[in-house]
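This is what each chain is made of:
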Amino acid sequence: EAGVAQSPRYKIIEKRQSVAFWCNPISGHATLYWYQQILGQGPKLLIQFQNNGVVDDSQLPKDRFSAERLKGVDSTLKIQPAKLEDSAVYLCASSFPGSSYNEQFFGPGTRLTVL
Amino acid sequence: GDSVTQMEGPVTLSEEAFLTINCTYTATGYPSLFWYVQYPGEGLQLLLKATKADDKGSNKGFEATYRKETTSFHLEKGSVQVSDSAVYFCALSGSSGGSNYKLTFGKGTLLTVNP
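Listed in order, the protein sequences are those of chains E and C.
Residue numbering for the first sequence follows the working numbering, starting at 1115 and increasing by one per position.
Residue numbering for the second sequence follows the working numbering, starting at 55 and increasing by one per position.
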């Protein structure tokens, strides 16, 4: 079974530029999560989708971050314009709802450096 | 809100030593508890879980017991190997019920095992 795919793996941009990350979850997984992991910290949820609807985006900085999952499969996270403090690893995870604890499977992440 | 506090690292041990990484949590409801592991260059992987009080999760020689009275979920292994070198994250989810299974992570503990 293929895992969660993310691209690109690395991205370096100047501040005020825009950037987009892509995630393809495990086939059949209805729930998709985007996490931000700043160096030295644990991942923090940015947004959770159930199919193509948003379940939780309370910690998404909506003035600069946006995310979509138009067909309920793959998803794109965008930052525009980027700030220095956005330097982090962006993790995508997916899960198959219905289990008692809803195990999340993580992709390898995209490491963003903002200069 | 929910929070997880885990032992600060880094932790350096010799092969075959005993490992304990402390984790305590704050949650309003009845969360599920997890340990995730991140090996160098790889994504987060679920190591073990416990979904209710007094449950013991175990995998690959690692164990953790869900202690509601002390709000703890300490990770232990009787004899570590060099291959256990990684960053370990304690996490919780599901305390608020409903369909929001977002994970709340601790900051992570870097473990290095020397031969």
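The hints are simulated quantities; they were obtained by calculation from the structure and are not laboratory data.
Take the hints with a grain of salt, since some may be wrong.
Restraint-style ranges between C-beta atoms, simulated for each label pair [claimed, not checked]:
no.: 1; chain 1: C; residue 1: 166; chain 2: E; residue 2: 1182; range: 23 to 33 angstroms
no.: 2; chain 1: E; residue 1: 1136; chain 2: C; residue 2: 121; range: 19 to 29 angstroms
no.: 3; chain 1: E; residue 1: 1229; chain 2: C; residue 2: 108; range: 46 to 56 angstroms
no.: 4; chain 1: C; residue 1: 112; chain 2: E; residue 2: 1197; range: 24 to 34 angstroms
no.: 5; chain 1: E; residue 1: 1178; chain 2: C; residue 2: 70; range: 42 to 52 angstroms
For every residue, glycine included, the Cβ atom is placed at its ideal position computed from N, Cα and C.
Inset, instruction - Compare the structure with the hints numbered earlier in the document and write down the numbers of the violated ones, lowest to highest. - result: 1, 2, 4
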